[in-house]
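Participant: One-letter residues, chain by chain:
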Amino acid sequence: MFYREAGQFKTSYTADMAVFPILQDRIGIAVVLVIAAVIIPLFGNDFLLQAVMTPFLVFALASIGLNLLTGYTGLLSLGTAGFMGVGAYACYKLTTAFPGVNVIIWIVASGFVSAAVGVLFGLPSLRIKGFYLAVATLAAQFFLSWCFIRVPWLFNYNVSGAIEVPTRTLFGVPVTGPNSLPVTRYLIVLAIVVVMTWLASNLIRGRFGRMWMAVRDMDIAAELIGIRLLHTKLLAFAVSSFYCGVAGAMMVFLWYGGAEADVFNINQSFTILFMVIIGGLGSLIGSFFGAALIYILPIILRIVPAELGVPLHAATVEHLTFIIVGALIIGFLIIEPHGLARLWQIGKQKLRVWPFPY
Amino acid sequence: MDLLYKVFIDPFLQMGGAPDLLVQTLWDGLVSGILYSLIALGFVLIFKASGVFNFAQGIMVVFAALTLVGLYEHGVPAYLALAITVVVMLGLAFSVERLMLRPLVNQPDIILFMATFGLTYFLIGLGELVFGGDPKVMIASELGLPKGAIEVKMAGGFVSLQKIDIAATVIASVMVASLAVFFQKTRIGRALRAVADSHKAALSVGISLEQIWVIVWFAAGVVALATGIMWGARSEVSFALQIIALKALPVLILGGFTSIPGAIVGGLIIGIGEKIGEFYWGPLLGSGIESWLAYMIALVFLLFRPQGLFGEKIIERI
Amino acid sequence: MRAPSGGAEIAAGDVLLAVENVSLAFGGVKAVSDVSFDIRKGEIRAIIGPNGAGKTSMLNIINGFYHPQQGRITFKGQTRAKMRPYEAAHGGIGRTFQNVALFRGMTALDNIMAGRTLKMHRSFFWQLLRFGPAVAEEVEHRRFVEEIIDFLKIQEIRRTPVGRLPYGLQKRVELGRALAMEPELLLLDEPMAGMNIEEKEDMSRFILDVNDHFGTTIALIEHDMGVVMDLSDRVVVLDHGVKIADGTPDQVMKDQAVIDAYLGVAH
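Protein chains in written order, with this note's numbering: chain A, 2 to 359; chain B, 888 to 1205; chain C, -19 to 247.
Honestly, the hints are just simulated from the structure, not real lab data. Among the hints, erroneous ones may be present.
Unchecked claim - Computed far set for chain A versus chain B, every beta-carbon distance over 10 Å:
{"hint": "1", "residue": "L50"}
{"hint": "2", "residue": "S146"}
{"hint": "3", "residue": "I267"}
As the list claims (entries may be wrong) - For lysine-lysine, the following DSBU-like pairs were computed, each having C-alpha atoms within a straight-line distance of at most 35 Å:
{"hint": "4", "chain 1": "C", "residue 1": "K133", "chain 2": "C", "residue 2": "K99"}
{"hint": "5", "chain 1": "B", "residue 1": "K935", "chain 2": "C", "residue 2": "K133"}
{"hint": "6", "chain 1": "A", "residue 1": "K349", "chain 2": "C", "residue 2": "K133"}
{"hint": "7", "chain 1": "B", "residue 1": "K935", "chain 2": "B", "residue 2": "K1050"}
{"hint": "8", "chain 1": "A", "residue 1": "K94", "chain 2": "B", "residue 2": "K1087"}
{"hint": "9", "chain 1": "C", "residue 1": "K10", "chain 2": "C", "residue 2": "K133"}
{"hint": "10", "chain 1": "C", "residue 1": "K21", "chain 2": "B", "residue 2": "K1072"}
{"hint": "11", "chain 1": "C", "residue 1": "K62", "chain 2": "B", "residue 2": "K1087"}
All residues carry an ideal CB built from backbone N, CA and C; glycine is no exception.
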């Protein structure tokens, strides 16, 4: 009854190609943005902002990055955390070397550094396909992890091997470092993520999205209609690593406030891969769903039993999370290999005909 | 100039200068290579028979070892614990077939691969929940495995060979030989190869997929148990072993995903390559290059032979 | 349609593509042995022969997907030892496949739009913002693609993911994608396979229209002799990788070697 397209005719191709062609979708996204940008900062407490929303957005951005590479272009990558780390350390080096420059600029610039590294490790993708490419990305991951620990220049020769985020300001308000407020950091992360999601959605709907998906679906046919495989694949690596790099920089600068040497390890790569799988390969909104589920689940597992009076050990929560995530992955792949995004689509489809069954 | 010397000349001089150290390093590389091969063997078994790349092989090694040690800690005598663990691995094979493989039959390989990711995490959580996350000591001597070392005088010095390593080499060789014979000569082995080629075709000639999968996952489970015992005896039983299992991937790349002899050759190349690389070139770059050297070797290899040493050349048809 | 870039301008009736002494082997298997023939601009050329004759391999060589060990390919006046897929596409060679090679994760519309990739030039930067020039370009190509959709009468299914379409419609979408490239030479690999009589008539009409209205040269592999006789201007016959006849449909049908090949008589 509510979600009807009847009567909504498009009179131009431009209107037909819009991101949200259906009016109800447009209203929905406006509501979500208002909640995110206004309601949550006004009424949310520090815990919600610092430990739930900001990390969720950071992981969502990293998931989008991985999704662009694996979901849209079909290049399985196990090096996501490594590229995030490149972004984080690049931002650190840039801002400590040029403290006067706005840190937001450095966060975005570090994406380019990460993109360059991504292209370098993506070069093998012309010769190596499918599963073997995943192993090549593993090489990238382990090598980069090793660099973060063993190359002292990266963490400014700090004895502990960890980096601490210095205070940086924007229009006089501290945005990073110990003096910044969770709400400030949240708003910046939100702004960056919204803009970058919009940009990603533009790319996907245009010719690059089609080129990537063509390479994913049948690269031979793609070549024969004139798509240059190497360029397309390298571009996917570049854009994906850019997103992961920015996510990594935001993770360190706007969430953790610092980083231990082994934060960007292989387990982090797997975590983001699971977010993408469960959320839905090849779906931007799926990246958000997946990040939400995988990140927020342990938090719920910690809070809910405590609220109900059944305290669970922190370690037990972690074990349970692993069990549940593992079972969820298998379950999802059995029931809906296309993840939460497809379930969402099916849900919308049902909503279209509601209250009729079909 | 100095750098060129350090990279291309000095390590070889070192090798020549202390040949007993070289032999020791080669031996250590051989042993770790054999252990990598065992893990790779588990992968090959399952991949050969079901086309599934079982990412959970590593955690199966840990899980098997933990079960064994856990039972012993609860007072079960060593050999009985071993027998019970074997039964547990059989139970695991049944569960995996019933709950994971059967619902996903005929799905593309990438889906099954991701399902084994899920299995990995599930087993990690379950293992930690049941056995606790602390490292444990493998009950090597209780199982009859030798302790101590033999000192051999050779190459101008002494080379120390751990008896457990020698035992591991022997046991691994026996296991590999019997598996190779099994695949080539027996009826079930043939059926396994048929299933690896095509599920649908195998079904249509009356091969029971379920039985085959249980058999092969059980075999992989037994290999995992043996690997867990060997690895655990040399160091300790902990969840860190699961990440080491990732090293089997470069082994598989070198040796091919479906070749048992390939798993051995690949394992030896990676094991020896790693140890030599770390010992003689490691100090140049900073320690710990073992963490990525194997993958880089595999990567370089892939660039020249995308199908591995023993794999089949992929000819694409449209 | 405008002529794509690259190569000389060929007048109607002149040789557009010629293969000379082309041989291709996979390991010990000889797919194509010393085959030579040409295709003239504006004609419909059929390539026929029993199964395993090397017909698809021949198309793959023209496309640049297989590289022959011997021989030369001359396309629009330029001679090469082998084609590269990008050169073939850029030079105006479009293709459909025996086993439909559509992009299964995309809708019919997107598949055909993918065929416009070579013609779309707006840079990455504009694509990122999707504003002004990028949108204008997208609309312009959408218009063109919609003409193809009208021509092939597949309006209802434009938003359907191609994996869900019945086989006959998939083949039409694939033809649409090839047409979107505005090819000078269109290679069709068994376009009628698996179709009933009505579908075959539809497809035949499409092929004739493409050839008539747009002047597209067509090379097609086909098993249905009725179709071959009706549609084609000239026919080349392959058997076991060797050319055994070359001429008009009437000539070829009466050729004893051809009859023997199809009847399985050893020769």
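Participant: The structure should be examined with respect to each hint, and the outcome stated for every one.
Facilitator: Now for the hints, and whether the structure bears them out:
Against chain B, the non-interface label of L50(A) holds: every CB pair exceeds 10 Å, the least being about 29 Å. At roughly 7 Å, the least C-beta separation between S146(A) and chain B is not larger than 10 Å, which violates its mark as non-interface. Not every beta carbon of chain B lies more than 10 Å from that of I267(A), the smallest distance being close to 7 Å; the non-interface claim is violated. Only pairs whose Cα atoms come within 35 Å are accepted, and K133(C) paired with K99(C) is accepted, the gap being roughly 23 Å.
For the hint pairing K935(B) with K133(C), the CA-to-CA distance comes to about 47 Å; that exceeds 35 Å, so the pair is violated. As the CA atoms of K349(A) and K133(C) are separated by approximately 29 Å, the hinted pair is consistent with the 35 Å bound. Distance restraint check for K935(B) and K1050(B): the Cα-Cα separation of roughly 33 Å lies within the 35 Å cut-off, and the hinted pair is therefore satisfied. For a cut-off of 35 Å, the pair hint linking K94(A) to K1087(B) is broken: about 56 Å separates their Cα positions.
Annotation: proposed proximity of K10(C) to K133(C) is violated, straight-line Cα distance about 41 Å (limit 35 Å). About 60 Å separates the Cα atoms of K21(C) and K1072(B), which puts this hinted pair outside 35 Å; it is violated. Our distance criterion of 35 Å between C-alpha atoms is broken by K62(C) and K1087(B), whose separation comes to about 38 Å.
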